[in-house]
Amino acid sequence: MHLLTQELDDACAALARILLAGTQGASQDILETVTHRLAQEATQHAEYVELLGRDPNMVTRAVIYLSDTHAHPELGSDTGWFRPMLACLLELAAPSLALSGAGARFLGDVEEGVAQSIADNAGAR
Numbered sequence: 056m057h058l059l060t061q062e063l064d065d066a067c068a069a070l071a072r073i074l075l076a077g078t079q080g081a082s083q084d085i086l087e088t089v090t091h092r093l094a095q096e097a098t099q100h101a102e103y104v105e106l107l108g109r110d111p112n113m114v115t116r117a118v119i120y121l122s123d124t125h126a127h128p129e130l131g132s133d134t135g136w137f138r139p140m141l142a143c144l145l146e147l148a149a150p151s152l153a154l155s156g157a158g159a160r161f162l163g164d165v166e167e168g169v170a171q172s173i174a175d176n177a178g179a180r
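When you read off a place in the sequence shown, starting at 1, and then add 55, the result is the number in the working numbering.
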């Protein structure tokens, strides 16, 4: 599977609009700059996900998830939070690291939370 770049760019632009919604008079230039930074980070992650043999378009879905759950206008043009949060989500979806037994137990908590979210959004799938 190949990365649908336009869809990823659109998701990053939507995220940038949320981040900049509270910025009075944010110019088109600022919006484009933030979108570009987000898209660069996301594209690097997509390339890595593809190297793992997984669908790189999961990165687009993760960006949309972050838009729904963690993006808010108070963040403004600060995108420093984006890379580690995206990396964390992608590690859960496309594991690349070995876990200790104690660390792996957390996956049961994640599984329970994901099941609840899926049930809560059953009509949206």
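No wet-lab data here; the hints were simulated from the structure. There could be a bad hint or two in this list.
[As the list claims (entries may be wrong)] Have a look at the derived ranges for each label pair, beta carbon to beta carbon:
| hint | residue 1 | residue 2 | range |
| --- | --- | --- | --- |
| 1 | D175 | A76 | 18 to 28 Å |
| 2 | D164 | G131 | 25 to 35 Å |
| 3 | Q83 | G156 | 44 to 54 Å |
| 4 | G131 | G156 | 35 to 45 Å |
| 5 | H125 | D84 | 23 to 33 Å |
| 6 | M140 | A76 | 10 to 20 Å |
Note that beta-carbon positions come from the ideal geometry of N, C-alpha and C, so glycine has one too.
A quick look at each hint next to the structure:
| no. | hint | verdict |
| --- | --- | --- |
| 1 | D175 - A76: 18 to 28 Å | holds (25 Å) |
| 2 | D164 - G131: 25 to 35 Å | holds (32 Å) |
| 3 | Q83 - G156: 44 to 54 Å | holds (51 Å) |
| 4 | G131 - G156: 35 to 45 Å | holds (41 Å) |
| 5 | H125 - D84: 23 to 33 Å | holds (25 Å) |
| 6 | M140 - A76: 10 to 20 Å | holds (19 Å) |
The structure is consistent with each of the numbered hints, conforming to all of them.
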